[in-house]
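S.K.: Each chain is listed here by its residues.
Protein chains: 2
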Amino acid sequence: MTTNHKLSIIPLGGVNEIGKNMYVIQCGDDLIVVDCGSKFPDESLLGIDVIIPDISYLIENEDKVRGLVVTHGHEDHIGGIPYVIKQLNMPIYATRLTLGLIKGKLKEHGLLGTTTLHQIDSQSEITLGSVPISFFSTNHSIPDCLGVVFHTPQGTVVHTGDFKFDLTPVNNQYADIHKMAEIGKNGVLALLSESTNAERPGFTPSERLVGANIQEAFYNAEGMIYITTFASNVHRLQQIIDAAAKTDRKIALAGRSMVNVVDIASTLGYLNMPQTMLVDIADVNKYKRNEITVMCTGSQGEPMAALGRIASGNHRQLAVHPGDTVIFASSPIPGNERNVARIVDNLFERKASVIYGPGSSTGMHVSGHASQEELKLMLTLMKPQYFIPIHGEYRMLHLHRQLAESVGVNASNIYILNNGDVVDFAGSEALQERKVSNGDTYVDGLGIGDVGNVVLRDRKVLSADGILIIVITVGKSDNKIVSGPDIISRGFVFVKESEGLMEEVHRITLNEMEQLQDNNLHKPWNLYKQSIKESVGKFLYAKTKRRPMILPIIILV
Amino acid sequence: MTTNHKLSIIPLGGVNEIGKNMYVIQCGDDLIVVDCGSKFPDESLLGIDVIIPDISYLIENEDKVRGLVVTHGHEDHIGGIPYVIKQLNMPIYATRLTLGLIKGKLKEHGLLGTTTLHQIDSQSEITLGSVPISFFSTNHSIPDCLGVVFHTPQGTVVHTGDFKFDLTPVNNQYADIHKMAEIGKNGVLALLSESTNAERPGFTPSERLVGANIQEAFYNAEGMIYITTFASNVHRLQQIIDAAAKTDRKIALAGRSMVNVVDIASTLGYLNMPQTMLVDIADVNKYKRNEITVMCTGSQGEPMAALGRIASGNHRQLAVHPGDTVIFASSPIPGNERNVARIVDNLFERKASVIYGPGSSTGMHVSGHASQEELKLMLTLMKPQYFIPIHGEYRMLHLHRQLAESVGVNASNIYILNNGDVVDFAGSEALQERKVSNGDTYVDGLGIGDVGNVVLRDRKVLSADGILIIVITVGKSDNKIVSGPDIISRGFVFVKESEGLMEEVHRITLNEMEQLQDNNLHKPWNLYKQSIKESVGKFLYAKTKRRPMILPIIILV
Chain A
1 MTTNHKLSII
11 PLGGVNEIGK
21 NMYVIQCGDD
31 LIVVDCGSKF
41 PDESLLGIDV
51 IIPDISYLIE
61 NEDKVRGLVV
71 THGHEDHIGG
81 IPYVIKQLNM
91 PIYATRLTLG
101 LIKGKLKEHG
111 LLGTTTLHQI
121 DSQSEITLGS
131 VPISFFSTNH
141 SIPDCLGVVF
151 HTPQGTVVHT
161 GDFKFDLTPV
171 NNQYADIHKM
181 AEIGKNGVLA
191 LLSESTNAER
201 PGFTPSERLV
211 GANIQEAFYN
221 AEGMIYITTF
231 ASNVHRLQQI
241 IDAAAKTDRK
251 IALAGRSMVN
261 VVDIASTLGY
271 LNMPQTMLVD
281 IADVNKYKRN
291 EITVMCTGSQ
301 GEPMAALGRI
311 ASGNHRQLAV
321 HPGDTVIFAS
331 SPIPGNERNV
341 ARIVDNLFER
351 KASVIYGPGS
361 STGMHVSGHA
371 SQEELKLMLT
381 LMKPQYFIPI
391 HGEYRMLHLH
401 RQLAESVGVN
411 ASNIYILNNG
421 DVVDFAGSEA
431 LQERKVSNGD
441 TYVDGLGIGD
451 VGNVVLRDRK
461 VLSADGILII
471 VITVGKSDNK
481 IVSGPDIISR
491 GFVFVKESEG
501 LMEEVHRITL
511 NEMEQLQDNN
521 LHKPWNLYKQ
531 SIKESVGKFL
541 YAKTKRRPMI
551 LPIIILV
Chain B
1 MTTNHKLSII
11 PLGGVNEIGK
21 NMYVIQCGDD
31 LIVVDCGSKF
41 PDESLLGIDV
51 IIPDISYLIE
61 NEDKVRGLVV
71 THGHEDHIGG
81 IPYVIKQLNM
91 PIYATRLTLG
101 LIKGKLKEHG
111 LLGTTTLHQI
121 DSQSEITLGS
131 VPISFFSTNH
141 SIPDCLGVVF
151 HTPQGTVVHT
161 GDFKFDLTPV
171 NNQYADIHKM
181 AEIGKNGVLA
191 LLSESTNAER
201 PGFTPSERLV
211 GANIQEAFYN
221 AEGMIYITTF
231 ASNVHRLQQI
241 IDAAAKTDRK
251 IALAGRSMVN
261 VVDIASTLGY
271 LNMPQTMLVD
281 IADVNKYKRN
291 EITVMCTGSQ
301 GEPMAALGRI
311 ASGNHRQLAV
321 HPGDTVIFAS
331 SPIPGNERNV
341 ARIVDNLFER
351 KASVIYGPGS
361 STGMHVSGHA
371 SQEELKLMLT
381 LMKPQYFIPI
391 HGEYRMLHLH
401 RQLAESVGVN
411 ASNIYILNNG
421 DVVDFAGSEA
431 LQERKVSNGD
441 TYVDGLGIGD
451 VGNVVLRDRK
461 VLSADGILII
471 VITVGKSDNK
481 IVSGPDIISR
491 GFVFVKESEG
501 LMEEVHRITL
511 NEMEQLQDNN
521 LHKPWNLYKQ
531 SIKESVGKFL
541 YAKTKRRPMI
551 LPIIILV
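Chains A and B are the protein sequences, given in the same order.
Using UniProt numbering, you'd call the opening residue of the first sequence number 1 and step up by one each time.
Using UniProt numbering, you'd call the opening residue of the second sequence number 1 and step up by one each time.
Read the hints as simulated data drawn from the structure, not as lab findings.
Predicted model, so just to flag it, every value in this text is computed and none were measured.
Do not take every clue at face value.
No copy is singled out in the list; a pair is fine if it fits within one copy or between any two copies.
[Said to hold, decoys possible] Subject to a maximum C-alpha distance of 25 Å in a straight line, what follows is the list of computed SDA-like cross-link-like pairs (lysine to any residue):
hint : residue 1 : residue 2
1    : LYS107    : LYS543
2    : LYS545    : LEU111
3    : LYS533    : VAL557
4    : LYS543    : SER531
5    : LYS286    : LEU446
6    : LYS185    : GLU291
7    : LYS533    : LEU446
8    : LYS105    : ALA542
9    : LYS351    : GLN432
10   : LYS250    : ALA319
11   : LYS543    : ILE85
12   : LYS179    : SER406
13   : LYS351    : GLU373
14   : LYS529    : LEU556
15   : LYS460    : TYR541
16   : LYS545    : PRO41
17   : LYS538    : VAL50
18   : LYS246    : TYR541
19   : LYS545    : TRP525
20   : LYS545    : VAL461
21   : LYS538    : GLY447
22   : LYS185    : ARG208
23   : LYS351    : ASP421
24   : LYS105    : ASN260
25   : LYS533    : TYR174
26   : LYS476    : HIS506
27   : LYS460    : ILE448
28   : LYS543    : ASN89
Next comes chain A alone, as it looks inside the complex (with noise of 0.2 Å):
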């Protein structure tokens, strides 16, 4: 690998994917870390609890690291930040909001304090290395979101993080276009934009029509009120509370992270509420039932969160009575459909009301994201000689391309990446020929990068077909069978329906051995262990069309 470029962009996680976003910006020998976040395996990765980037690269190159910006606290941006913290050591620069949620998640860990942790804001001017960074304010589905400046001798990168354009933001929470467009004006060598909603046309809706539309649905509802979204919605969570102060209602919190963000949020005065207002879960009966609004986790459908447990009959305090009405603000993420529609049924079975559905089909939800004119706005805004598009799927990043080419970038200056691919800047010439270690990082239980492609396989074998495991102890000094072969199996087959087979095997498994003695084989034991797994594993599948794992364990005595 080469060092001798100036400037260099490489995408460790993010691009071709959604989550694990990290992204980093090498000027000289500085390196800055954008993000750090983490992703959810799908379900082939069994076991797996979490995915983060595979930071080898910033490894290698520890002593030049400068720090770590982040662009705003969702798990896709922060989620990563304990893990990849124990390998590598890094000061955070992130706005207030942001920094009270890393801290939680740093206290969970038992990490406060093994890093320093600076707060910035959109108005804030830092250098990291040599590299002077600025920052501009955006909307997005959360507070305090960044986009970031770096200000290189080669020419100023901007990369957005996550936004969207609401021009009649909750909370006045206005994003700094004027800014934006003093940054283009003075013009962007490269700009990284992110393009989750490349695939939606025109321009996502105002915060605010939700809020009109929750406290409509506040106005209609008789009892009490279960409305669900992502806790870390606080513009959703306040027009929300907003709806209850309007309708008298109380305020009860049901979920982990629930309590968790309304209280960093409340502390950091992000969300306003009267703390008269707030009820324990505990005394929520001591209301009417007209009187209360439930905010709750479980608006993906997740089974154990709040909501599920409530629309189960499984939460220790709360219920469903015939009247109340449960509101979904949100929108079921591609994927968990299935999941939300069982706690739907389950409602519907508690004769409770239910709203529910896509954002766009009942008014309860709006994306965070920019959609295709608001892309098209941001390319504007900022007239980069070079576009990288990330944050997004290839198709995204595909569509996004198509949107930078129609607002006039040159074509042969949008780079679509892959993790690890490096666009080197020499003055303003770009070129991208090569790449860093990149990957996915399996983290399962506290392992970090302890699962591999192995270990998962085995799991897939496990998984479809269960286990058979034969065992056979074999005298040292004459080779004969003392005992077994014992037969045991597990996620195979009901015992009482297997004894015919098992007793098959039995047979099977002796005559190898007795076939392999005779050939005067005596050794090396691994041959007996493939040759009874190969005929016990063709009965098998004959007999039941499954392909167990077949382990022959031979135990000298």
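Place chain B on chain A using the hints.
M.R.: The following block gives chain B in isolation, referenced to the frame of chain A:
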């Protein structure tokens, strides 16, 4: 269980779920079965291939089962037939296309000739046992669909099958709306009507709408066209063929079920395609790209279906070239969005134009099921005294109930049932108070019903954290350890990462064996095993936060 009742209606599959439809109409000593579907397992049912209804009740009453009437040829109505027929032989009644598809299934399972097949049509009148049965034709996303009318002494029972009202159907397959009106006029005791789209307001658009949009896309396409849809949607296939004919394109077929359905439907006259239009996929490259349309499987993003393999570059004969057009004439079924998105990503990477997304946004798909206004139309036509919403998850049944009430059905005459619930009619009085055997029967490989909860629970544990096997051989005479503990793990952790861990497991196991022996607790061995399991489990969880299955094996020699 009492059998005094003259008429009973019993769902054995299809209520509170989508899939495995099976309803029983019992009239005195005559049991008539409607449909015999399968459903696909969700991810939690590890290794299960397909789910069919529990037919214990039918087997108990084998001598009274008069036949199976099949409403149409979709998997959720015919998919269980090969598995059920092995356990319970009964004559099958279905329309020509449906029978063609059933025959294909029976052939595949080597069951052709084991049961009698009777061809009927919407004008047929048959008598099973002592029950006269007539039919009416409906519109749906496969031709030759039936509603079923049971003329029992207690009154008329109507089962709608799957339906929509398509007033401009493709191939002039009109629904018997006048016949439905007449049935309603003559009086319906009970209506069983499908609920799939009870959540959708309005009226489902006509299939012809899709035809017009496909035609327009064909006119605009420049390269080869790949178009994917459910193979069984013969009307859709016909419209694709028509669009190809108008734009001078030949048709090639990719995917087993596409070849299969086109073959059956063409042979039986449901598909009108001149033989000269059909091109073998091996010959596709002999034509100009704009002379070919490939109809392929894979509309739900199945990675191993034709389109999935084409998109990932793994199809033997077909490849996407820049400028080709790929059309999803389909909507992703909830849960399949991510798989479809993967395919779209791959297609964009190959520089295809891709038309994808929900049918409502692309106009390339319409549902085959009745929306709310159509459900109300069916209820209005039939004017039933009793109403049982079927074919849907709870919220759909619940909303269908509300629709029925809105058009005048008496709320107390509406039954939302669980599978196995029985509604008994004595005269025109209905009573729901008993239940028959019911449930999911799992098919795994060749086994029907031999995988149950214990096996699935084991697979779950194995899939999440793998297995750790500890083998110890103990001398029979002195209870001393002869060899071991030998520790073998699969799916738990990398071997090289686990050395320290395994040494500790070794030590803990020896310790447990000694302690127990010190206590003179030589037997039962289960006690030793349990202690090892607990101690090792605790240790591993503390060290790794994982819970592998721990399987101590003590061999006496």
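S.K.: Which of the listed hints are broken here?
M.R.: As far as the earlier hints go, 5, 6, 18, 19, 22, 25 are violated by this structure, in ascending order.
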